[in-house]
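As you go down the protein sequences, you meet chains H and R in turn.
Each position in the first sequence, counted from 1, maps to that position plus 27 in this note's numbering.
Each position in the second sequence, counted from 1, maps to that position plus 3 in this note's numbering.
Derived from the structure by calculation, the hints contain no laboratory data.
Hints should not be assumed to be uniformly reliable.
[To be verified] Each pair of labels, with its calculated beta carbon distance range:
| hint | chain 1 | residue 1 | chain 2 | residue 2 | range |
| --- | --- | --- | --- | --- | --- |
| 1 | H | E57 | R | R45 | 34 to 44 Å |
| 2 | R | E44 | H | R142 | 21 to 31 Å |
| 3 | H | L109 | R | N97 | 30 to 40 Å |
Backbone N, C-alpha and C define an ideal beta-carbon position, used for all residues, glycine too.
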Amino acid sequence: MLLFRGPHWDRGLSTDELQQAIDKVMAWFEGLNKRGKIKGAQPLGGQGRVVSGTDGRFVVDGPFTETKEAVGGYLVLQADSLDDAVEIAQSMPTLRYGISVEVRPILAECPILQRHPELVRRATDRTAEELWVAAAA
Amino acid sequence: MNTSSETTSDYLLLFRGNVWDRGLSPAQIQKVVADWMAWFERLKAEGKCLGGHPLGEEGKVVSGKQGRTVADGPFAESKEAIGGYFYLHVADENEAIEIARQCPGLEYGAVVEVRPVADVCSIKQRAMEYSPGELAGANA
Chain H
28 MLLFRGPHWD RGLSTDELQQ AIDKVMAWFE GLNKRGKIKG AQPLGGQGRV VSGTDGRFVV
88 DGPFTETKEA VGGYLVLQAD SLDDAVEIAQ SMPTLRYGIS VEVRPILAEC PILQRHPELV
148 RRATDRTAEE LWVAAAA
Chain R
4 MNTSSETTSD YLLLFRGNVW DRGLSPAQIQ KVVADWMAWF ERLKAEGKCL GGHPLGEEGK
64 VVSGKQGRTV ADGPFAESKE AIGGYFYLHV ADENEAIEIA RQCPGLEYGA VVEVRPVADV
124 CSIKQRAMEY SPGELAGANA
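The task is simple: from the sequences and hints, build the whole structure.
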């Protein structure tokens, strides 16, 4: 998964520069799509909420999408390896305007479990059972 | 001004903080993980979640012209790091928030970011506001 950080890269660009940048991004995207590399991709709206605390009791406006760290969109890649995904991220045309791309492998299983190997077996055994309970509830 | 978020029904939940297991007993961790999976399966069965995955803790951050800087990261063991996501298809933002509030990790410090999935990239939207009609392809 590619997470695009820094959604305000357009600041300070002229209309022409912006047009060129948008054209390049579209062409980049179409190129990847034709090669069958894209499983899904969306921009994210700037408005959002951040939920935290027990039972989600805190709901605040956010995140602050003005920051360079804010996630402005994502792309789920069908890549051969992390290196392949990094190479694709490096070809993203708006890197030169200050965005950064976080490249993360998508897993089938929660990595928290991998940190606790003693749990893996018990959790997989129990999960199916609990799913039935949940489904029946 | 109309914004796409008022009509969109798709939301992304980004789960932040993948260190919620610290200080928990094996039984507690097991319960949270099982609850989380059951929650995911229930939302999928209800048609409210179209997909989701945990993200691996290893990763890279690419930046700079032509992506010349490739750093290890994003230091996934932190309170801010994104540990996984759900793609929701729901009636409105309130329903997305209600679902976010059911996250089993909240009690242990996980934070859920609820973001509308946009139809149009915000850059294009801003570009159209700055100079309506000037940007070819901006409505694409």
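Hint check:
Between H/E57 and R/R45 the C-beta distance comes to about 37 Å, which sits within the given range of 34 to 44 Å. Separation of R/E44 from H/R142 is about 23 Å and conforms to the stated range, judged on CB atoms against 21 to 31 Å. In this structure the supplied range 30 to 40 Å holds for H/L109 paired with R/N97, their Cβ-Cβ distance being about 38 Å.
The structure shown violates none of the earlier numbered hints.
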